[in-house]
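S.K.: For the protein sequence lines, the chains are A and B, in the order given. Each step along the first sequence adds one to the number in the working numbering, with nothing skipped, and position 100 is 100. Each step along the second sequence adds one to the number in the working numbering, with nothing skipped, and position 21 is 21.
Worth flagging that the hints you see were computed from the coordinates, not collected in a lab. Warning: the hint list may mix true and false statements.
Restraint ranges, calculated between C-beta atoms of paired labels, are given here [what the hints assert, rightly or not]: (1) B:LYS70 / A:LEU4: 24 to 32 Å; (2) B:ILE28 / A:THR41: 22 to 30 Å; (3) A:PHE15 / B:ASP42: 14 to 22 Å.
Yeah, the Cβ is synthetic: ideal placement off N, Cα and C, and Gly gets one too.
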Amino acid sequence: MDILSNKFFLLALTFGVYAISRIIQKKTGLILLNPILLSITVIILFIKITGIDYKVYEEASLAIDVWLSPCVVALGVPLYRQLDDIRKQLWPILVSQIVGCLVGIISVVYIAKWLGATNEVVISLAPKSVTTPIAMQVSSMTGGIPALTVSSVVITGVFGAMFGFAIFKLFKVSTPIGISLGIGNGSHALGTSRAMEVSPRFGAYAGLGLSLNGVLTSMIAPILLEWIL
Amino acid sequence: MLALGELVVFITGVKIPSSIFGMLFLTIFLKVGWIKLHWVKDVSDFLTRNLAFFFIPPGVKLMLYFGVIKAQFVPIISALIGSTVLVFITTAVAYKITRKYISKRK
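Could you put the whole structure together from the sequences, leaning on the hints where they help?
M.R.: Have a look at this one:
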């Protein structure tokens, strides 16, 4: 049992599971075998089966957690590469992001309320479309449960990464920039990473969507939530 | 150069409370030329390519909330998925409409 709860072993396990999940995804090409979903499932099962304390894993994974913010910062590079393109269409981008941000908060609140979620849960779901550090901040500011917010952010992100492009196809939306902005706005860094796989240009716009929505949501959500709750 | 790139990312990430501002600052500094693209290119490419990986730990944390999620499974999942689909479509359509409107006025 000593080895199983060793920090380095758990870190190595996380890397290993992710690497294998990516290979599986590449080999099979199945949407349902999304590497993140697969990795999360395998690690949760591992923790449950071996019976190690979740806290031990959490401590080990801190080494990964600290990189999430630098990752978002790193998106500044693809953004810089597309800067001239972006400047040319400042207004369409701004308008679409504001619309997306408002729709995101209002719709998740009303759907959850209508289906009978408790108030605390509703508030926790509201910042689901922005990346974890911001979402947690918004959640604790507005009286949600930050950790539940993280779960909803991950669920939203995995969903967006898995089905984002398929949804746009279904609704016959074919503007590449619009799609990228939507994916970044709706499903933050996980959607953006998927867009990055498709092409760096998609990724840059998705990154822009992610950042603008992050800024907008942290400003709008606290005020808006007070209004509609 | 890799280390310097990391340092830049680190400094911009820490000075500003939010990673989003760090990202915008990195973009601006690159534009102004205070940071050269080749300093940060490799680190940034590596991080952005593997962005999803860093969501595994928060995802695993989900197991602590299975109870809450199970108890309100339908509202939580439908709200998240329904709202995300709405955001995707409205954002893309709003972009398309505004672009059309602006190019018409010109």
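S.K.: Among all the numbered hints in the text so far, which are the ones the structure does not match?
M.R.: 2
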